[in-house]
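Assemble chain L onto chain Y, guided by the hints.
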Amino acid sequence: MSKYAPKVSELKKEFDEKPTILKGNYLDKEWWDIPVEFREGNWCFPAKPEVLESLGFANPRKWAATDQDWKLPSGWKKTISEGLKSRLKKYRSLKLFLDTCVRCGACADKCHFFLGTGDPKNMPVVRAELIRSVYRNDFPLAEKILKGFSGSRKLTTEVIKEWHMYFNQCTECRRCSVFCPFGIDTAEITMLARELLNLIGVNNNWILEPVSNCNRTGNHLGIEPHTFVQNIESLVEDIEDITGVTVKPTFNRKGAEVLFITPSGDVFGDPGVYTMMGYLLLFHHIGLDYTISTYASEGGNFGMFTSNDMMKKLNAKMYHEAKRLGVKWILGGECGHMWRVVHQYMDTMNGPADFLEQPVSPITGTKFTNAASTKMVHIAEFTADLIHHKKLKLDPTRNDHLRTTFHDSCNIARGMGMFDEPRYVLQNVCKRFHEMPENTIREQTFCCGSGSGLNTEEYMDIRMRGGLPRANAVKHVKDKHQVNSLVTICAIDRASLPTLMNYWVPGVSVYGLHELVGNALVMQGEKKRTEDLRENPMAGFEDGEEDDE
Amino acid sequence: MRTAWGELIEKNREKILDQWIEKGLSIFPEKIGRGTPIGESLSEGLSIILDGIEENTKSFVAAVNQIARILAVQPLPPSKALLLFSELKAIFHETASKASNRHALTQADRDAFQARIEQILLTAFDFYMANREKIYQLKVEESKRQAFMLMRRAQG
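Here the protein sequences line up with chains Y and L, keeping their order. The first sequence begins at 0 in numbering that gives the first Met the number 0 and counts up by one. The second sequence begins at 0 in numbering that gives the first Met the number 0 and counts up by one.
If you are wondering where the hints come from, they were derived from the structure by calculation, not from laboratory data. This one's a predicted model, so the numbers in the text were calculated from it and none came from an experiment. A portion of the hints provided could be inaccurate.
Here are the simulated lysine-lysine pairs, DSSO-like style, with alpha carbons at most 30 Å apart [stated by the list, open to error]:
{"hint": "1", "chain 1": "Y", "residue 1": "LYS28", "chain 2": "L", "residue 2": "LYS14"}
{"hint": "2", "chain 1": "L", "residue 1": "LYS14", "chain 2": "Y", "residue 2": "LYS120"}
{"hint": "3", "chain 1": "Y", "residue 1": "LYS47", "chain 2": "Y", "residue 2": "LYS160"}
{"hint": "4", "chain 1": "Y", "residue 1": "LYS479", "chain 2": "L", "residue 2": "LYS14"}
{"hint": "5", "chain 1": "L", "residue 1": "LYS133", "chain 2": "Y", "residue 2": "LYS479"}
{"hint": "6", "chain 1": "L", "residue 1": "LYS133", "chain 2": "Y", "residue 2": "LYS47"}
{"hint": "7", "chain 1": "Y", "residue 1": "LYS430", "chain 2": "Y", "residue 2": "LYS253"}
{"hint": "8", "chain 1": "Y", "residue 1": "LYS160", "chain 2": "L", "residue 2": "LYS138"}
{"hint": "9", "chain 1": "Y", "residue 1": "LYS61", "chain 2": "L", "residue 2": "LYS138"}
One side of the interface only, derived from the structure: several residues of chain Y facing chain L at Cβ under 7 Å [said to hold, decoys possible]:
{"hint": "10", "residue": "GLY117"}
{"hint": "11", "residue": "GLY268"}
{"hint": "12", "residue": "GLU456"}
{"hint": "13", "residue": "ASP460"}
{"hint": "14", "residue": "MET463"}
{"hint": "15", "residue": "PRO468"}
{"hint": "16", "residue": "ASN501"}
We put the beta carbon where it would ideally sit given N, CA and C, even for glycine.
One chain only, chain Y, in its complex shape (with noise of 0.2 Å):
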């Protein structure tokens, strides 16, 4: 018998005590009955007015989660029920997922929030079943005869709030989907269940007002072009002070050969910006003949998280430049959801870019056979094949100051397949590496916590509550290699994984891939380097002492 075992007098101990469906006034009751209970910490603040009528959404008012009265619009129950029911129609996946599950539970502890949280609605099963159970109610005829058997529900206000509440503690990352026997995408249901609570106004800030600013003026900060232009020359001259080399990005320049997209975290956040840095001495260490768009400013898409014809209308504002400017192809950045919707939704939303040419590596010649209909390359893959045919002059002791693992951004790993390209980039650039455990990486990766949307500070219990296994799975490489920096390829990543290290594991600090990568390149014309791009000192390399070049 397993010593875990609980005894009669702890099972007792536990029946008494804990709120559970299994007692107290919840005896004869359903799961549903457990009421949702908002408090501080635990909801995201909804979207402004002003946000919402910029967007022409639906139901703006200033409401909080926290209030009794929600100011839901008249007629509510008709638009979630026929808005479900008309998506039913349109997305086959949708529909599948709703009626294949068999409830097996195998993607039960599998979610980054169940196992942060314990809380069982934190399932994706559950999570799944919140949607499922008003499904059953309103539409197959043999559910609505079997009522009671099926586990349907009729929809209230506080179904609505129990979505809220779930479908804003999932982050979209698909861990659950890895494991189902029957590949239920719980990401797409949630996606489904936000784009319904967006129809009655049920929403978050954070998310929509990127959204309105995205759509108004081309990236999420909303920052105007000439701003936008002005931060990255500020990096340039940065690089110019640590290297000693100017580089010469050029912006909005028609018949340029690719156009660069990345997320704005780049242009702007720390530390983003040293991935950017990275980016421009790379693109002038070989010199790529490329343009940045001041318009198609923003490689991040959180329309992917309010509905699916905002998600089109974001992603076509980088095709419709790259149109405009005339250039062959799009290389893209660092990017988490951006590679998501390219890779999974761009071809059938506004695809195929038949007006653009099938991706070549201007310097190695490689094509890019998997872009052919999107026409978009991964930076890592394009910087994987460089380094492949020795294009790239390394120094990768220039980051032996760093001890490294790689945290596999949820949307490249398991949302476009991508493993192997970052880490042989990463090994490449920097000689100590050492992988989390294998439960933790690659498909199996665990997310940062704060992905879709949920990176808002007012949500820190929570986000720091579900990016708890990623923290412990670099715990581990730290107390046993003595790990410093953790490497990733996503804005959202660099953003919130600071937080996130800096709460349960001080002393692990956050990289872009190419920050490495613009460490490591030697520049033709380039001063001697003493630092990296954040300015601190390189191993070996400080003043007075012998550079091995």
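Just chain L, lined up with the frame of chain Y:
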């Protein structure tokens, strides 16, 4: 272990640790299994605390912080969260009452243990508060990082 109460803990380590982990996990509002990240971190921390319980060594203090860090982001008031450390008292006294005469503790030993637990509880409270403050500090830092370049420009 150098004290009589420390020796009693050492002799009954496995049993006491097992009970303490079980009690610890029952504090959480939802059921948390031992094999989960919280369960593993908690077990690791409590085991280090129990093994070095007599004095504040570096690893002991780090383990108290490790536990406080987990508790500080749970939906629990500090009075409930920090009960974890008081739970050890009950387990200890139960163990002591079952000990044979040869290992019986004097009242002075019991008082010394009681005083030590209170000391640990206060250390844990310090860490709990420090971690709560850190959460708020992280919110500020994150906002600053997001607008890093804009603030740099604003500051000239």
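Evaluation of the provided hints:
{"no.": "1", "hint": "LYS28/Y with LYS14/L", "verdict": "violated, 38 Å"}
{"no.": "2", "hint": "LYS14/L with LYS120/Y", "verdict": "violated, 33 Å"}
{"no.": "3", "hint": "LYS47/Y with LYS160/Y", "verdict": "holds, 19 Å"}
{"no.": "4", "hint": "LYS479/Y with LYS14/L", "verdict": "holds, 28 Å"}
{"no.": "5", "hint": "LYS133/L with LYS479/Y", "verdict": "holds, 26 Å"}
{"no.": "6", "hint": "LYS133/L with LYS47/Y", "verdict": "holds, 28 Å"}
{"no.": "7", "hint": "LYS430/Y with LYS253/Y", "verdict": "violated, 40 Å"}
{"no.": "8", "hint": "LYS160/Y with LYS138/L", "verdict": "holds, 26 Å"}
{"no.": "9", "hint": "LYS61/Y with LYS138/L", "verdict": "holds, 24 Å"}
{"no.": "10", "hint": "GLY117", "verdict": "holds, 3 Å"}
{"no.": "11", "hint": "GLY268", "verdict": "holds, 5 Å"}
{"no.": "12", "hint": "GLU456", "verdict": "holds, 4 Å"}
{"no.": "13", "hint": "ASP460", "verdict": "holds, 5 Å"}
{"no.": "14", "hint": "MET463", "verdict": "holds, 5 Å"}
{"no.": "15", "hint": "PRO468", "verdict": "holds, 5 Å"}
{"no.": "16", "hint": "ASN501", "verdict": "holds, 6 Å"}
The earlier numbered hints that this structure contradicts are 1, 2, 7.
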